[in-house]
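Visitor: What follows is each chain in one-letter form.
2 protein chains.
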Amino acid sequence: MIVVKTGGSRGINLDYVLEDIARQTEPLVLVHGASDELNQISEQLGKPPRMVTSPSGYTSRVTDPETLDIFTMVYCGKRNTRIVEKLQQLGVNAVGLSGVDGRLLEGRRKPNIRIVEDGRTKILRDDYTGRIEKANVSLLTTLLDQGYLPVVSPPAISYEGEVINVDGDRAAAVIADALGAARLVILSNTPGFLEDADDESTLIPRISRDGIDEAIATHARDRMKKKLLGAKEALEVGVGQVILGDGRIPEPVTAALRGSGTVIG
Amino acid sequence: MIVVKTGGSRGINLDYVLEDIARQTEPLVLVHGASDELNQISEQLGKPPRMVTSPSGYTSRVTDPETLDIFTMVYCGKRNTRIVEKLQQLGVNAVGLSGVDGRLLEGRRKPNIRIVEDGRTKILRDDYTGRIEKANVSLLTTLLDQGYLPVVSPPAISYEGEVINVDGDRAAAVIADALGAARLVILSNTPGFLEDADDESTLIPRISRDGIDEAIATHARDRMKKKLLGAKEALEVGVGQVILGDGRIPEPVTAALRGSGTVIG
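These protein sequences, in sequence, are chains L and W. Quick note on numbering: this note's numbering labels position 177 of the first sequence as 177, and the sequence is numbered without any gaps. Quick note on numbering: this note's numbering labels position 77 of the second sequence as 77, and the sequence is numbered without any gaps.
Here chain L stands alone, though its shape is the one from the complex (with noise of 0.2 angstroms):
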């Protein structure tokens, strides 16, 4: 069992993924995110993005009622959609869910959120935003065994029954631990975990699992963090190995599953 997550950033090759999910031949789960789309979307709607910073230091995107409805649209309308329709034309059996879907991702809300804006540290109401606590599997391994690929895109739902926005690495990473895959590949718009940010010859080609709090602490940006964050819980939980893979090459899936990017673990 093989689970994949492939970013929505700009740079990454939708088409090159989803080929290349076609000619695998383990069963496999797909996560996706459109984070992209999703800003350019929310700016057509007049409703742009509004990122804040937590007092540890992560940024996240401010998620009201409004924002959470266009984030269901891009993510679980458009993109997840225009992906199974893919896949149904490469041959693939697809069949797209959100977290939301029998209760798939579950987690908690956080409905009072510290963030720090002017040098402040201030509380955000009524935000829908919230963690991945536990995977319901069932219904993946229900489709799973009638021959399906499951097309995963966050929200999820809190233990209340509210659509959450919540971490697609980690949904990933959550998943994957729930059916006890052997392997979870990360795509993102970089060629794996680079030393330097800004230098992509600085690629770091493995990382033991002793060295991931190093590397999060010394190395990584933002979004790197967190994506290190999500390989080190997986692995915490049983996953074999991350794979950190750069999603704009050809093949990425099978480059990732080869050694290419960042072996974690």
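Because the hints were derived from the structure by calculation, they are not lab data. All values derive from a computational prediction rather than experimental measurement. In this text, a Cβ means the ideal position worked out from N, Cα and C, and glycines have one as well. Wrong hints could be hidden among the right ones.
Claimed, not checked - To be clear about the criterion: a stretch of chain L counts as covered by chain W if any three or more of its residues have a C-beta under 8 angstroms from a C-beta of chain W, and this derived list gives those stretches: (1) 42-51; (2) 65-75; (3) 86-96; (4) 115-123; (5) 136-142; (6) 252-259.
Claimed, not checked - To give an idea of the interface, some chain W residues facing chain L are shown, with a C-beta separation under 7 angstroms as derived from the structure: (7) P49; (8) M73; (9) V92; (10) G96.
Got chain L sorted already, so can you dock chain W onto it with the hints?
Guide: Below, chain W alone, put in the same frame as chain L:
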């Protein structure tokens, strides 16, 4: 087995519909529309809906690729996710699907559509409208067997694997047929089939199979014509009864199943 279709027109009380769905004890598939909201979001995105009329007098929405993306955003993204959320809050383990997932709703794309504009017949190209010809319900039966309630939205998929805009009532009829459903309930923003579309006191409580053609020919407005055509097709392929019910009232499904509205068949 019951199939319920709820329209997306103004006036339908979706909370009433979903609360009543949660009360049903028979296995059930819900099919939904979102036409009113689609028009709103299309306007917001600067792409107002363009309706055209066929030579035989039916109106339909022009669906270029951009319109199709807005369609999936509203139907599969916003509306479907909110319906699944609400059902989950009501304790129903719902799973949202479009006709593209697992090729659930398959049909023929009409790449060239004949329309009448300014009194002249024209050909419209680059359109992604189609007609559902079959439902591959193995995905639905798999989910129903596991206790999930499927929530199905257009679009469908063409034999060539393209996403196509299709009629929601027909989607419900084809699913009801393929599942061998005893009854198909179609909820809209009227009490049922009205002799005079502007006068709700002219409800026709019952139409026999033999009387449908006459009703289509003599009484109905455009949208109601389509509903009657859908009902006729459903009855022809073996659905026992089609009920046109009022989606604005409390317990709309229960009321329809008890014979309120217009019972056809």
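Visitor: Verify this for me: three or more residues of the stretch 65-75 of chain L with a beta carbon less than 8 angstroms from a beta carbon of chain W.
Guide: holds (count 5)
Visitor: Restraint: G96(W) near chain L, CB-CB cut 7 angstroms. Satisfied or not?
Guide: holds, 5 angstroms
Visitor: Mind checking, does the stretch 86-96 of chain L have 3 or more residues with a CB under 8 angstroms from chain W?
Guide: Since 6 is at least three, the answer is holds.
Visitor: The stretch 42-51 of chain L covered by chain W? Criterion: 3 or more residues, Cβ-Cβ distance below 8 angstroms.
Guide: holds (count 3)
Visitor: Taking the least C-beta to C-beta distance, is P49(W) closer than 7 angstroms to chain L?
Guide: violated, 16 angstroms
Visitor: Are at least 3 residues of the stretch 252-259 of chain L within less than 8 angstroms of chain W when you compare beta carbons?
Guide: violated (count 0)
Visitor: Using Cβ atoms only, decide whether V92(W) comes closer than 7 angstroms to chain L, and label the hint accordingly.
Guide: This hint is violated: V92(W) lies away from chain L, its Cβ roughly 10 angstroms from the closest one there, beyond 7 angstroms.
Visitor: For the stretch 115-123 of chain L, do at least 3 residues have a Cβ located nearer than 8 angstroms to some Cβ of chain W?
Guide: violated (count 0)
Visitor: How does the stretch 136-142 of chain L fare against chain W when you require at least three residues with a CB closer than 8 angstroms, holds or violated?
Guide: Coverage by chain W holds for the stretch 136-142 of chain L (3 residues, Cβ < 8 angstroms).
Visitor: Please verify that hint: M73(W), Cβ, nearest Cβ of chain L, below 7 angstroms or not.
Guide: holds, 4 angstroms
Hint check: violations occur at hints 4, 6, 7 and 9; the rest are consistent with the structure.
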